[in-house]
Amino acid sequence: WDRAASVGAAAQKYAEHVLDDASVTYTPAASGMADIKLSMSHLIERTKIMEASIVEQYGKSLDDLYELLAVEMGKLAQEIREEFPPPDHAQNHAERQRLIAKTLRKAKGGFIRAFITAGIPKDEARSHWKAMESYIRYILVTAGDLIEQHPVIAGVLLATVAYLVPKSRFLRPIFDLFGFGLSGPVKGSFAARAQSRFFGAYIPLGSWFSKLQAASMRWR
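Numbering-wise (the numbering used here), the sequence shown opens with residue 174 and increments by one.
Please keep in mind that the hints were generated in silico from the structure rather than gathered at the bench.
Misleading hints may appear alongside valid ones.
Calculated lysine-lysine pairs in the BS3-like style (CA-CA distance at most 30 Å, straight line) [stated by the list, open to error]:
1) 186 x 295
2) 275 x 221
3) 295 x 233
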């Protein structure tokens, strides 16, 4: 989380600027990108509500819960690596939906286990997951559809979403499962395999991820 947090508001603001600019440049994809940005905003608000509830109702440490969640998602990443090899063809909408749904079911289990270990009731965990899942699913499926229809935007779309996720620490381990890591998809890494698996896209290291890292340092 320290590395994600270090991205800071400047980088996130720059990522939003890049996504807005891409919407103008790639007009056919503008509506979908705007929907992703709006859904991400709603999702982040839901996680803020969750965080406030955890502290106010249960007096639990957000840092401790984050660490437990990161461990659970790390276990799932290895499980996914073994169970879902990268496809030998670009997935269509229906195939992508099924794979994302299956992975989110696994993520739900890890999310609930982390909450229970932290001493938070299972029903509370289920309630928070339910409030977030529809947004997560929509963002992932819509991103995949846009990349399928407009491959040229794959780099900017995946990279900017990755830079917006750190606005909520609890989203980072979940989105990491789908290849949205801040380091970008280094060849042979889990992020590279995940992007290929879920989005049929491999974004070279020297592309939008590194461009955002460099340019955001100048965005103040």
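Now the hints, each set against the structure:
The suggested pairing of residue 186 with residue 295 is violated, with an alpha-carbon distance near 35 Å, which exceeds 30 Å. Pair hint residue 275 plus residue 221 holds up; C-alpha atoms about 26 Å apart against a cutoff of 30 Å. About 15 Å separates the Cα atoms of residue 295 and residue 233, which keeps this hinted pair within 30 Å; it holds.
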